[in-house]
Amino acid sequence: MDKRKFRDIICTKLMLIVTIFVSILFFLIFFSLLNGSSLILGEYPITDLLFSSVWKPRGGEFGLFAVIIGTLIVTGFSLLIAVPISLLSAVYIVEYAPKRIRRMVRPFIDVLAGVPSVVYGLCAYIVLVPLVRDFIAPYFGVTASAGTCVFTASLTLSVMVFPIIISLSVESFSAVPYELKEASLSVGATKWETVRKVIFRASAPGILSAILLGFGRAFGETIAVNMVIGNQAVIPSSIFNQGQTLASLIASSYHELMSIPRLESALMFVALVLFIVVLIFNLLGVLILRRTKRRWSF
Amino acid sequence: MIASIFIVISSLVIIISIVIFNGATSLSIEMVTQTASGGFYLGKGGGILNAILGSLFLALPATGLAYLISIGIAMYLQRDFSHHGVSGFVRLSLDILWGIPSIVYGIFCLTIMIALGIGESLLFGIIALTLLEIPIITRSIDESIKMVPHGLKEGAYSLGSTKFETATKVVRKQAMPGILAGVLLGLGRGIGDAASILFTAGFSDRIPTSLFDSTAALPTTIYHIFQMPYPSVQQKAYAAAFVLLIIVLSISIISRTLSKKSTKYVIK
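One line per chain: the protein sequences are Y and R, in this order.
Counting in the numbering used here, the first sequence runs from 7 upward without gaps.
Counting in the numbering used here, the second sequence runs from 34 upward without gaps.
None of these hints come from the bench; they were simulated from the model.
Part of the chain R face toward chain Y, derived, beta carbon under 7 Å:
| no. | residue |
| --- | --- |
| 1 | SER37 |
| 2 | ILE42 |
| 3 | GLY105 |
| 4 | THR195 |
| 5 | ALA274 |
Small disclaimer: the values here were computed from a predicted structure and weren't measured.
Idealized CB from N, CA, C, for every residue including glycine.
Same shape as in the complex, but just chain Y (with noise of 0.2 Å):
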């Protein structure tokens, strides 16, 4: 055989091969979590595990329901905010803005998607920490509040998760032919009317993946979370109040890990959650992503 088809046979066997190993990649991170975690799993039942709210490792429990709400509230709040305000600056990005701002906005886009999520998490602590507790949180009446809190945390994810929003959501838009729009304003409705009733609705699917996409990012974000939230496993009372989150409960855990029965085997649980959690998610948003792309293929 000659050498070159020998060399082609060898190198399309090893690109075989990495192609198969990324596609079970994510089963082999399932089943080592779950394999990880059948210790703990073996002596606690899942329910008491899922839905206890005591988190006190040092004395052998390990509820997990407080911060699966915090987790939730933090998540929710964060999207809360980020929907309309990504949404928004999108359909300015596409439809109204003129050429040489869409050009000078893009890559400020970029930039912030590209800002270390640790610069996140202390540009937070500096700027918001002191603002939610001297400024908001007085202002909403509760003084008592330490400035890191759930709302802190909601605030710094909801930036984090711009980028990710803005920039899938103007794709879907752009995407939406020409005619439609054209159409519109040929019957007499506005521009503001158009976008609300023609370009959300025909890319509809679209934002509902952008949105689910930017769900992944912000349940499973760790440091950022982490140094503003005030890691406290309990079910916070306010959205001023401490509180915990799943990926940053693993995080915070760092420096007990040794010293802990079981800790290790509670953590590889928690990170099991958090990776169903989002791959049911990632897995609903990149779904109705495609079906998208076959139904608009005009």
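Given chain Y's structure and the hints, the job is docking chain R onto it.
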């Protein structure tokens, strides 16, 4: 609408100006030329050289590895190599991997480390970052390879080149701008990520000398310094953040200029 775009832009401006303002005042020559000494975390001397080098030792090999794997996958996803259903499945799993939080990759590597009985090490930090970067880089390369016109490949085949030769000599050159952008995007993500290396690379005050040494990196250093209760120590976090942000921003600028430059080899 203008208000919301203003919020988005100003949040970036605020972040950059805080880091530059605070970082530039606490940055000194000794911060970037010395390693952390014993009293560094209590406010004494020493610098973050170990973290800067640690970050590079982690992110550069990881990006290299991830590039090799990614380019293999992306090339294999072409019609020439794989069946439509196969590439669809692989793309789906890449999309899912893209969204997995980095802490999960870190914990995944931790399970392997426990199984093998290896402690926190540079090696597993690199592996965690590689896993994190593979979906990012592959997606970007895949997008640009999809744009390569089929006629170009057919031209190469008709001259008698094998599939592999076509992939490396024709497709790779044609897709170069996208490949560069993807690799640099991955490098930027890898160098800035703390969650995946927190458990795998560990922490140390020295410059790592072997693959099995634990090592500090800029993001983990910032995280650790930040948790110190002394304000004078926390100032050092800004210096480290400043260095990190400069690295990330310059990667982004390099990526822009390089992909502009490499477009001239692309056949339109």
